[in-house]
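**Q** If you're matching positions, the sequence shown starts at 0 in numbering that gives the first Met the number 0 and goes up one per residue.
If you're looking for bench data, these hints aren't it; they were derived computationally from the structure.
Ideal placement from N, C-alpha and C gives every residue a C-beta, glycine not left out.
Mixed in with the good hints, there may be bad ones.
[Said to hold, decoys possible] Once the Cα atoms are required to be at most 27 Å apart in a straight line, the calculated BS3-like pairs of lysine-lysine come out as:
no.	residue 1	residue 2
1	K122	K142
2	K92	K122
3	K109	K135
4	K135	K164
5	K122	K109
6	K164	K122
7	K66	K92
8	K164	K175
9	K122	K77
10	K77	K66
11	K175	K122
12	K70	K92
13	K92	K77
14	K142	K175
15	K16	K92
16	K70	K16
17	K85	K70
18	K66	K16
19	K135	K175
20	K109	K142
21	K135	K122
[What the hints assert, rightly or not] Here are the computed distance ranges between Cβ atoms for each label pair:
no.	residue 1	residue 2	range
22	T93	G159	41 to 51 Å
23	Q2	C134	52 to 62 Å
24	N33	D126	36 to 46 Å
25	E49	D182	23 to 33 Å
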Amino acid sequence: MTQMSDEQFRIFIETIKSLGPIKEEPPSKGSFSNCTVRFSGQRDHDAVDEFINAVETYKEVEGISDKDALKGLPLLFKSIAVVWWKGVRRDAKTWSDALQLLRDHFSPTKPSYQIYMEIFETKQSYDEVIDSFICKQRALLAKLPEGRHDEETELDFIYGLMQPKYRESIPRHEVKTFRELLDRGRTVERTRH
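Make a model of the complete structure from these sequences and hints.
**A** As structure tokens, this is what we get:
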């Protein structure tokens, strides 16, 4: 019995795959030429996510194939992003590769402790409505590793940062979900204004 090294096995598998039938991608129906979304290369997690979500949606709606999307991606870059792309485009063999390179370079993951610091240093301002405050805080919580906290714990974090007018009107033990907290908070806003 002959044994193969990991490298030999990998080459063997690649050879077999290359001999198999070639999957043809359906013809693309569109391109990014009319897409108005642009990315300038800002190192900002939210800006990168917003750009990727918009581009993915546009790609899906216009029926752009992965291959054509990869070719057209540079049309959506401005400023330093154009220079960056020139340097990394050879590393982007697929659409997924390109998006991952974009995330890795312009949206490095923040360590959890920094996210916690952001959460706890941001108390609800006096004139901030509950919807806005909870939305921002939940967006920060979503940046933590998946499954880190259950909803009950996340409610505890946010409840302590809310304005006293909400905490006085909404006992913590009476709300079990963010939806309940929002509903009760909106009621406070309607009755106190």
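**Q** If a hint holds in the structure, say so; if it doesn't, say that too.
**A** Cross-check of the supplied hints:
Distance restraint check for K122 and K142: the Cα-Cα separation of roughly 18 Å lies within the 27 Å cut-off, and the hinted pair is therefore satisfied. Proximity of K92 to K122 is assessed by CA-CA distance (about 44 Å); at most 27 Å being required, the pair is judged violated. With a C-alpha separation of about 16 Å, the suggested pair K109 and K135 falls inside the 27 Å cut-off, and the hint holds. A C-alpha spacing of about 19 Å is found between K135 and K164, which places the hinted pair at or below 27 Å, so the restraint holds.
Taking the CA atoms of K122 and K109, the gap is about 20 Å. The hint holds against a cut of 27 Å. For the given pair, K164 sits about 13 Å from K122 by alpha-carbon distance, which is consistent with the 27 Å threshold. Between K66 and K92, the direct Cα distance comes to roughly 9 Å. Compliance with the 27 Å bound is thereby established for this hinted pair. Proximity of K164 to K175 is assessed by CA-CA distance (about 19 Å); at most 27 Å being required, the pair is judged to hold.
Restraint check for K122 and K77: the C-alpha separation of about 36 Å exceeds 27 Å, so the hint is violated. Under the criterion of a C-alpha separation no larger than 27 Å, the hint pairing K77 with K66 is consistent with the structure, at around 21 Å. About 21 Å separates the Cα atoms of K175 and K122, which keeps this hinted pair within 27 Å; it holds. Of the pairs offered as hints, the one joining K70 and K92 holds, with about 10 Å between alpha carbons and a cut-off of 27 Å not exceeded.
For the proposed pair K92 and K77, the alpha carbon gap of about 21 Å is at most 27 Å, so the pair holds. For a cut-off of 27 Å, the pair hint linking K142 to K175 stands: about 22 Å separates their Cα positions. For the given pair, K16 sits about 17 Å from K92 by alpha-carbon distance, which is consistent with the 27 Å threshold. Between K70 and K16 the CA atoms are separated by roughly 25 Å; this keeps the pair inside 27 Å, and the hint holds.
Among the hinted pairs, K85 with K70 is consistent with the structure: their alpha-carbon atoms are about 12 Å apart, no more than 27 Å. With a C-alpha separation of about 20 Å, the suggested pairing of K66 with K16 holds against the 27 Å cut-off. Restraint check for K135 and K175: satisfied, since their Cα atoms lie roughly 19 Å apart, inside the 27 Å limit. For the hint linking K109 to K142, the alpha-carbon distance of about 8 Å falls within 27 Å, and the restraint holds.
Taking the CA atoms of K135 and K122, the gap is about 11 Å. The hint holds against a cut of 27 Å. T93 and G159 have their C-beta atoms about 45 Å apart, which keeps the hinted 41 to 51 Å range intact. Remark: the range hint 52 to 62 Å for Q2 to C134 is upheld by a beta-carbon distance near 57 Å. Range check, N33 to D126: Cβ separation about 40 Å, and the 36 to 46 Å hint holds.
Remark: the range hint 23 to 33 Å for E49 to D182 is upheld by a beta-carbon distance near 28 Å.
In summary, the structure is inconsistent with hints 2, 9 from the numbered list given earlier, while agreeing with the others.
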